[in-house]
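Student: Just so you know, the protein sequences line up as chains U and P, in that order. Numbered according to my numbering, the first sequence spans residues 1 to 326. Numbered according to my numbering, the second sequence spans residues 1 to 288.
Keep in mind that a hint or two might mislead.
Here chain U is said to cover these stretches of chain P; the calculated rule only asks that three of the stretch's residues, wherever they fall, bring their Cβ under 8 Å from a Cβ of chain U [said to hold, decoys possible]: (1) 81-92; (2) 189-198; (3) 226-240.
The calculated label-pair distances, taken between Cβ atoms and stated as ranges, are [what the hints assert, rightly or not]: (4) Arg195(U) to Met178(P): 32 to 38 Å; (5) Phe265(P) to Cys12(U): 43 to 49 Å; (6) Glu26(U) to Arg86(P): 46 to 52 Å; (7) Phe277(P) to Ala18(U): 38 to 44 Å; (8) Pro118(P) to Thr8(U): 36 to 42 Å; (9) Arg192(U) to Pro260(P): 44 to 50 Å; (10) Ala182(U) to Met239(P): 50 to 56 Å; (11) Leu158(P) to Tyr275(U): 34 to 40 Å; (12) Arg86(P) to Leu15(U): 51 to 57 Å; (13) Arg312(U) to Asn91(P): 42 to 48 Å; (14) Glu177(P) to Met294(U): 25 to 31 Å; (15) Leu258(P) to Leu15(U): 53 to 59 Å.
By construction, these hints were calculated from the structure, which means they are not laboratory data. C-beta atoms are modelled at their ideal positions from N, C-alpha and C, and glycine is treated no differently.
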Amino acid sequence: MTRRAVITLVVCAVLLVALPWIIGHEFYINLASQVLIYALFALSVNMMLGFGGMVSLGHAGYLGVAGYACILLTTAGYDQLTAAIAALALSTVAAGVFGVLSLRAPGLGFIMITLALGQIVWGIAYRANNLTGGDNGLSHPARPMPFGIDIRDASSFYYFTLVVFAVALFFIWRFARSPFGASLTGTRDQPRRMRMLGHNVWLIRWLTFVLAGFWGSVASLLFVYYNLYLSPHALALQQSAEILLMAILGGASTLTGPIIGAAIITLVKNMVSTYVERWNTLLGLIFVIVIMFMPYGLVPGCRQLWQRLHSRQKGKAANAAPEASP
Amino acid sequence: MNWQFWIIQTLNSVAFGGLLFLLSSGFSLIFGLMRIPNLAHGAFFMLGAYFGFSLLQLGFHFWLAAIFGGLGVGVLGVFVERFILRQLAGNEQGQVLVTLGIAFIIADVCLLAWTGDPMPLPAPQSLRPPLRFGGFAFPTYRLVVLAIALVVAVVLYLLMERTRLGAMIRAGVDDMEMARGVGIPVSRLFTTVFLLGATLAGIGGVLGGPILNAYPGLDADMLPLALIVVILGGAGSLMGAFVGSFIVGFLYNFGIALAPDLAYFVLFLPMVLVLVFLPQGLFGRAQT
């Protein structure tokens, strides 16, 4: 890490910690928690998309598996920690199975299978009335008390989410920078060469799929704790698409991109939903516009713009210098 | 649950399979040729159903409504291919995501135009009385839908196997580079296949109307079924789409009738089996 990156990181961290004091209002603190939860979703789907080039449209499926498991276990009388761990374990195992299935097809078959799997989870949640309450959904009894700390009010829940998010971000950052992350990028760009070099391309992709599923499940638990409620609408295709759009909008090849994308989409969605009930048309339009005109996303786009401006200024300075010297 | 139940449910299953074939044959051809799953296909089906509803309201005859409704969706499909997908040529991942965006827009516009209430499409008058046969009452309309699907299947088969256009499409499916190399106008084929696929989906939507009704969410219900048909049958294979449609039609219909809680889970099993043992699908060819 360069010194500038460290300074930026510290400034961001301080801002995030101070955020509840800065904005003050409960509604906006809750909105900030939502942004963090969606940012974690987007980061996890981006582990596959940005570094592995795998487009998954079934990520909301983990919300189904982990979310319903956690609620059902808690309602059945298990304590919150056991329920959370069991839900994460179950959902990660599900990710393992989904990964084996999705990676059977070459190329864009992957999108199709992840979408079908996600829709099957949705269909089961929607139809299995006895288990999931069908369309009515299920409510979660209460937020957990990690280490005996009460996180029922907005700002303490925000800090809880922030801590989980920071831990996740650290791991995902390590993942992206690790030799494993590099080999994953290799399988995206040159799968055949990677195979010739002795890497097990399938295994690299599968492990990434499972890790992304795990972090997606962590985000799912936060989602359930935040809303204290889960219904099939939360796991519809639209949810998976929104998460994917966040990563693409921000810039899938970067780590900051999905976070910024999540912030923009969550804020736009909240703003729009005060005026209209549904925002699918806008979601669709953003999708089409981003993909047609900003395929690399905001963060790389802005970075490019910045560099161009910077080099032009430098160029000007260089041009000006000989005139001034004599 | 007597044997009458089984016969009626079997008939319903084949009729539903026929509808699925109208939906998924186009999907499969587009996927085979252009290498992209058209995620707007479920929305095309739903739009067809709504077009059919409005045309019937305007007093059109049912079959005319089916044809015009289908063509309306087909024109939209051409528009999508020409003005949007064409811009993203070579970026297949972007193309798929754009079709998803279009699906959301179509679904939302439908909700605006036709409200959230389910719209019933009445079956044609002459087909409403059930067909009596040996003490049985068969729903005539479903039999006719099945017959239409079979006719479409035969016509598509002849189109693909016996005409120049079909030969060009098959060449494109098998080896795009080579097809371009020998002078086949592949980009024009894309438009043709998109027109064909979208029109079939639209006609399927109108014909499915009297069975399923037009309602918001019809797109999201049908799209995964089309995906599973193509996963089962193999991309780009007409035979695969045909067999896959009836398998999915049976499983889904009997799943809903016998174990509504698990209807979707029942669909999951054949998909898993095919993916594990025959990842190219039952009739798909290995792609490099």
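Student: Okay, which hints does this one fail, numbers in order?
Tutor: 2, 4, 7, 8, 10, 11, 12, 13
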